[in-house]
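Q: First to last, the protein sequences are chains A and B.
Using our numbering, read the first sequence as starting at 10 and increasing by one per residue.
Using our numbering, read the second sequence as starting at 10 and increasing by one per residue.
These aren't lab readings, by the way, just hints derived from the structure by calculation.
Please note: incorrect hints may appear among the correct ones.
As the list makes no split between identical chains, a pair holds if one copy fits it or if it spans any two.
[To be verified] Here are the simulated DSSO-like pairs of lysine-lysine, each with C-alpha atoms no more than 30 Å apart in a straight line: (1) LYS249 with LYS282; (2) LYS249 with LYS280; (3) LYS62 with LYS218; (4) LYS303 with LYS103; (5) LYS135 with LYS303; (6) LYS218 with LYS158; (7) LYS303 with LYS120; (8) LYS138 with LYS249; (9) LYS62 with LYS207; (10) LYS218 with LYS24.
There are 2 protein chains.
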Amino acid sequence: MVKDIMSKALPTETKGVRVLFGEFVNIDYLYSYLGTIIYAESGMQNIFILENKFWGRMLFINNNLQFTSRDEFIYHESLVHIPVQSTPEGSIKKVLICGGGDYGAARELLKYPEIEEVVIVDIDPKIPKLVEEYFPELLPEDPKDPRLKLIVEDAFVMVQKYLDEGKAFDLVIIDSTDPDISDTGITQELSHALFGVKFHQMLYELCPKGVVVQQCGTPFTMKNIFTETYKTFINVYPAKEVFCYRSNVPSFGSDNAFIMRCPYPNPEIPKWKELPNVYFYSHEIHRSAFGLPKFWREALAV
Amino acid sequence: MVKDIMSKALPTETKGVRVLFGEFVNIDYLYSYLGTIIYAESGMQNIFILENKFWGRMLFINNNLQFTSRDEFIYHESLVHIPVQSTPEGSIKKVLICGGGDYGAARELLKYPEIEEVVIVDIDPKIPKLVEEYFPELLPEDPKDPRLKLIVEDAFVMVQKYLDEGKAFDLVIIDSTDPDISDTGITQELSHALFGVKFHQMLYELCPKGVVVQQCGTPFTMKNIFTETYKTFINVYPAKEVFCYRSNVPSFGSDNAFIMRCPYPNPEIPKWKELPNVYFYSHEIHRSAFGLPKFWREALAV
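Next comes chain A alone, as it looks inside the complex:
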């Protein structure tokens, strides 16, 4: 199936506040979007939705772009299909998504009939509601899929609860905002705890023989997040089971990094014969995703 996401303008709304919005990528460097703000709210997190002729609708949390209508599929397919297909076919039955209240990762997981349970645990109740209203394409093919459960809760608290109950998962996906690890270690993002050693020790217990994958930003502009997340992983999991892969999500500017604990051998070789209906992912791109630039390798030599 062909999805025409390249080079053409998308339809836009006419209501709302017309702005030139600048997203700071780094000091003195911004991505700028002419567009219309069709939703804005300052709550637990500052959220707004911008409509732009090129990107379609764009969701921002705390002034940082989370995804766009045009290229969210690249991010979500990379986050889900690479870890799933790294395992022997049929290994993944129960999946926990920490964050991911936008449903995008769940949509991809539910494409596999072999997957029996998908739980989203997101701290912010607004995200799923906004997606239902403004980004219906992120919902699973069957939005009432009985395999899907959405829990509004701090993932840290929920994981502890699952541990107390003796529950286990085959795959844990951490799909959160970037943790804003600055040079001085100061952070204001809600997601910060999801990048730490304590949280991963709990996940290791919750998912002792399974896969854990975490999005960790764009290393070229966020080197600290990349190295700190990797350090957390090798601190908690056996170092030889820790891998890094990358994906180019155009609206993120430079390659996004994903750190993964995978106890199965050779995750760079896709293992499922079955390929769901996808637009970015292929076995070709799977193999390619594990090849890293020399300066990424150097940043991981910690």
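Following the hints, position chain B against chain A.
A: Structure of chain B alone, referenced to chain A:
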């Protein structure tokens, strides 16, 4: 060797015109740079140099970014080392660069002692002069390297002259601005002729058993340039010798495409044991570069 290009601010000048410059990537979508214009001229091409805290110095031609101090090495290493290392060790002795007046590609080529001759043919005499003054790091390690020749001439004219003289090359690199192939086929870029069938027919004659590689923009935002360049290649060269690879140059926003004619088998396997002093390129990244997203493959199914 480690090059610290990630996450830190670069030193800047204080003289010049302070601006917020917006580079249009697409309709209603811009990259914006706060910076100082330290050089500007409207000549054969409109050229200016912006100094920005994050990117360092940035060269713009006709308002389009050509390269930055911070990440030009990724572009130039991808443009040079992938084609060179796709061939059996020692196959490349004589190289023609069409465009490339910034010396970056030549700098990379001259790292190989096996390469005997590198000719740059650039139409614009200003580019080499500006690089010598403002981007000395793009010059070859030995700027007086006797293997290097710079010719200010239209590459189209020069290639015809070489054909008349019976000269031959082992590798031709087309390192030009994007050709601005719009939906309606209108173009104003000097580089336009370098993307056409006539030019490649001449190159095929000039380099009958060698490699020809052409940078062809970022397909996510310039789908037409990607498909048109590929069509030119399969029109002129044997289709089974035409390959595509990609590289993520962060200042370009999304993955850049390179189309290559390579008559040697399996170009995705690097063949040289020797690895010059590089910061991005590795055999790992070489193999990975040939894995393309599903939607790129679909855009190439022409």
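Q: Is it within, between, both, or neither for LYS218 and LYS158, if the alpha carbons may be no more than 30 Å apart?
A: within (23 Å within a copy, 60 Å between copies)
Q: When no copy is specified for LYS249 and LYS282, does a C-alpha distance of 30 Å or less occur within a copy, between copies, both, or neither?
A: both (26 Å within a copy, 27 Å between copies)
Q: 30 Å Cα cut-off: does LYS135 pair with LYS303 within a copy, between copies, both or neither?
A: neither (40 Å within a copy, 33 Å between copies)
Q: Go through the copies and call it for LYS138 and LYS249: within, between, both or neither, with a Cα cutoff of 30 Å.
A: neither (40 Å within a copy, 50 Å between copies)
Q: Classify it for me, LYS62 with LYS207: is the Cα-Cα distance of at most 30 Å met within a copy, between copies, both or neither?
A: neither (43 Å within a copy, 36 Å between copies)
Q: Evaluate LYS62 and LYS218 at a C-alpha cut-off of 30 Å and name the case that applies: within, between, both or neither.
A: Cα proximity of LYS62 and LYS218: none, with 45 Å in one copy and 46 Å across.
Q: Measure nothing new, just compare the shortest in-copy and cross-copy C-alpha distances for LYS249 and LYS280 to 30 Å and report within, between, both or neither.
A: Both, since 19 Å and 28 Å are each at most 30 Å.
Q: With 30 Å as the alpha-carbon cut-off, assign the pair LYS218 and LYS24 to within, between, both or neither.
A: neither (50 Å within a copy, 59 Å between copies)
Q: Evaluate LYS303 and LYS120 at a C-alpha cut-off of 30 Å and name the case that applies: within, between, both or neither.
A: between (35 Å within a copy, 17 Å between copies)
Q: Taking 30 Å as the upper bound on the Cα-Cα distance, should LYS303 and LYS103 be classified as within, between, both, or neither?
A: Answer is between; shortest inter-copy Cα gap is 27 Å, intra-copy 35 Å.
The structure fails hints 3, 5, 8, 9 and 10 (numbered hints given earlier, in ascending order).
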